[in-house]
Amino acid sequence: MSLKHSWIIATKDLKAIRHRKTILYTLVITPIALSLLFGYIVQYAVSSAAPGTSVSDYAFLLDAFAFWFVIIAAILPSPIASYSIVGEKVERSLEPLLATPVTDGEILLGKSLAAFIPTILASYAGAAIYMAYADRALYGVVGYLYYPNWEMVVILLLLAPLTCLLSIELNVIISSRVTDVRAASQLGSVVFAPFMGLYIAGEIDVITLNAITLLVISAILAGLSVGMFYMSTRTFQREEILTKWK
Amino acid sequence: MIETEGLTRKFGGVTAVDGLTLKVDDGEVFGFLGPNGAGKTTTVRVLCCLISKTSGTARIAQYEVGDGADSVSIRKIIGLVPDNVGLYEGMSAYDNLDFYGKLYDRTESQRKESNEYFLKMLGLWEKRDSAAGTFSKGMKQKLAVARALIHDPQVLFLDEPTANLDPESAKTVRDFILELKREKKTIFLNTHNLDEAQRICDRIAILNTRLMAIGTAEELERTVKGRQTVIRLSRTSDAVVRAMERLSLSNLSYDGARAAFDVVDPEKENPPVVRAIIEAGGEVQTVTVQGSTLEEAYLKLVKEQQ
Numbered sequence: 001m002s003l004k005h006s007w008i009i010a011t012k013d014l015k016a017i018r019h020r021k022t023i024l025y026t027l028v029i030t031p032i033a034l035s036l037l038f039g040y041i042v043q044y045a046v047s048s049a050a051p052g053t054s055v056s057d058y059a060f061l062l063d064a065f066a067f068w069f070v071i072i073a074a075i076l077p078s079p080i081a082s083y084s085i086v087g088e089k090v091e092r093s094l095e096p097l098l099a100t101p102v103t104d105g106e107i108l109l110g111k112s113l114a115a116f117i118p119t120i121l122a123s124y125a126g127a128a129i130y131m132a133y134a135d136r137a138l139y140g141v142v143g144y145l146y147y148p149n150w151e152m153v154v155i156l157l158l159l160a161p162l163t164c165l166l167s168i169e170l171n172v173i174i175s176s177r178v179t180d181v182r183a184a185s186q187l188g189s190v191v192f193a194p195f196m197g198l199y200i201a202g203e204i205d206v207i208t209l210n211a212i213t214l215l216v217i218s219a220i221l222a223g224l225s226v227g228m229f230y231m232s233t234r235t236f237q238r239e240e241i242l243t244k245w246k
Numbered sequence: 247m248i249e250t251e252g253l254t255r256k257f258g259g260v261t262a263v264d265g266l267t268l269k270v271d272d273g274e275v276f277g278f279l280g281p282n283g284a285g286k287t288t289t290v291r292v293l294c295c296l297i298s299k300t301s302g303t304a305r306i307a308q309y310e311v312g313d314g315a316d317s318v319s320i321r322k323i324i325g326l327v328p329d330n331v332g333l334y335e336g337m338s339a340y341d342n343l344d345f346y347g348k349l350y351d352r353t354e355s356q357r358k359e360s361n362e363y364f365l366k367m368l369g370l371w372e373k374r375d376s377a378a379g380t381f382s383k384g385m386k387q388k389l390a391v392a393r394a395l396i397h398d399p400q401v402l403f404l405d406e407p408t409a410n411l412d413p414e415s416a417k418t419v420r421d422f423i424l425e426l427k428r429e430k431k432t433i434f435l436n437t438h439n440l441d442e443a444q445r446i447c448d449r450i451a452i453l454n455t456r457l458m459a460i461g462t463a464e465e466l467e468r469t470v471k472g473r474q475t476v477i478r479l480s481r482t483s484d485a486v487v488r489a490m491e492r493l494s495l496s497n498l499s500y501d502g503a504r505a506a507f508d509v510v511d512p513e514k515e516n517p518p519v520v521r522a523i524i525e526a527g528g529e530v531q532t533v534t535v536q537g538s539t540l541e542e543a544y545l546k547l548v549k550e551q552q
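Here the protein sequences line up with chains D and L, keeping their order.
Positions 1 to 246 (the working numbering) are the ones given, in order, by the first sequence.
Positions 247 to 552 (the working numbering) are the ones given, in order, by the second sequence.
Calculated directly from the structure, the hints in this document are not laboratory data.
Just so you know, not all the hints are guaranteed correct.
Keeping only pairs whose Cα atoms sit at most 25 Å apart, straight-line, the calculated BS3-like set for lysine-lysine is [unchecked claim]:
no., chain 1, residue 1, chain 2, residue 2
1, L, 417, L, 373
2, D, 89, L, 427
3, L, 322, L, 269
4, L, 358, D, 15
5, L, 373, L, 383
6, L, 383, D, 89
7, L, 322, D, 4
8, L, 430, L, 417
9, L, 431, L, 358
10, D, 21, D, 89
11, L, 417, L, 427
12, D, 4, D, 15
13, L, 256, D, 89
14, D, 15, L, 373
15, L, 256, L, 549
16, L, 358, D, 4
17, L, 427, L, 269
18, L, 431, L, 269
19, L, 373, L, 358
20, D, 244, L, 256
21, L, 431, L, 366
22, L, 269, L, 430
23, L, 431, L, 417
24, L, 322, L, 430
Next up, chain D with everything else stripped away, as it sits in the complex (with noise of 0.2 Å):
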């Protein structure tokens, strides 16, 4: 496999992005807006809090807050997969694409790089400005610099790096079946329910969103993850691509 060919079709389609203006926006506002969002909350939490309370009483609220950087990860790639696919599939540009001596795998690698690194990047930026917001906010009441903690090393490290591929390989599995771009990435986004599930739970105390509970579900991501990498290599495929797909 041609590292290079793989990268040639991810700054293709990394430029394509660049000029589709809702994609651009839902990179760059949502994580932004998400965060400066969270930060208020947590100044404001802090500012109206009686005295002497303490970090503990906000941890439920801060653990929320950093597991959303999950569920950004989850949503964003969908629009971005989506188009890089089925737009594709739609401009009829993947069959002279298939004749290229790159092969299968190379190019599904370069379609989830695409994907997967402003996703990424508009998730650490995010999470940048909600831990400094924060941090700002909270250093006043316990004296040191919360953020990062271990549990926000696990979801920007493991969690969303794994949840963002689960929600790519969701998508190359929906971008066989589905011929409208917009069809595609409102189905690819429901990988986001089972982890809006997982923080409601943590909400409800059903479950801690420590860094042990966030490990566990990494572990269970990866797996999904490697299933998930199986179906969909299985479906991108040349010949399933040109007789199969709608």
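Assemble the complex: chain D is given as a structure, and chain L must be docked to it using the hints.
Just chain L now, kept in the frame of chain D:
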């Protein structure tokens, strides 16, 4: 350059291409004619290693179609213009070519040179920075042909390259194919257009799932009914008709002042007929030898199979 032996492709219970055996020589322009659903595009896709064959063998240059390692080698030496051009509509003409140049591992200077060469040759240089989506159908088709040639392939597969084009654009694309023919490129041309096939191709195959016929346009024309002599008479009589009947001409038909009969060698067979007509008191106005057209040959072969 291209060789197939019993090449078959089935989709479930439906046979798209059935036992295709043919050989395309190096530098030959080979026309592939057939009705919709005849298996032309499937054949091209199999040969371009885009889909697998069900049975049979196929080779391009020294590479085996269907062999995993050879598939990549084949795709390196071929260029494909599919029936749907499939350009990146949001990208400029130049970037479309450059992207493919990169995928074929061309260096930056090679890409620059070939992008400029093809865009200028096809009259698209002035529009190089315009998005392909703003192009007319003809311009898109030309750009797709340039894209397929960007890596200087040994074999070019063209799937209906002039379909849906206006006559002027179709002519530009055809002229370009003729230019490539002069450069001795091997070209495999799928087309519905009989006139185009006749004008461009060295040999033509007629496919309707199975290979119906193969040969030069002239050879295919002869498969229908050979040639026919038509004699127009300015003066005729029963004696003239009887004189012609005595000659036992093949498929003689007589309609007032027009007589027609099949001939194999008109230069040898026509003079005695003319002589007999004159001796019987008739007067010959014109003698013409008509061949059947490629269209007749095509329709006959396709109809026969149906």
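Comparing the hints with the structure gives:
no.: 1; hint: L:417 to L:373; verdict: 20 Å, holds
no.: 2; hint: D:89 to L:427; verdict: 32 Å, violated
no.: 3; hint: L:322 to L:269; verdict: 20 Å, holds
no.: 4; hint: L:358 to D:15; verdict: 20 Å, holds
no.: 5; hint: L:373 to L:383; verdict: 14 Å, holds
no.: 6; hint: L:383 to D:89; verdict: 19 Å, holds
no.: 7; hint: L:322 to D:4; verdict: 16 Å, holds
no.: 8; hint: L:430 to L:417; verdict: 20 Å, holds
no.: 9; hint: L:431 to L:358; verdict: 22 Å, holds
no.: 10; hint: D:21 to D:89; verdict: 20 Å, holds
no.: 11; hint: L:417 to L:427; verdict: 15 Å, holds
no.: 12; hint: D:4 to D:15; verdict: 16 Å, holds
no.: 13; hint: L:256 to D:89; verdict: 23 Å, holds
no.: 14; hint: D:15 to L:373; verdict: 20 Å, holds
no.: 15; hint: L:256 to L:549; verdict: 22 Å, holds
no.: 16; hint: L:358 to D:4; verdict: 19 Å, holds
no.: 17; hint: L:427 to L:269; verdict: 17 Å, holds
no.: 18; hint: L:431 to L:269; verdict: 15 Å, holds
no.: 19; hint: L:373 to L:358; verdict: 16 Å, holds
no.: 20; hint: D:244 to L:256; verdict: 13 Å, holds
no.: 21; hint: L:431 to L:366; verdict: 20 Å, holds
no.: 22; hint: L:269 to L:430; verdict: 16 Å, holds
no.: 23; hint: L:431 to L:417; verdict: 19 Å, holds
no.: 24; hint: L:322 to L:430; verdict: 18 Å, holds
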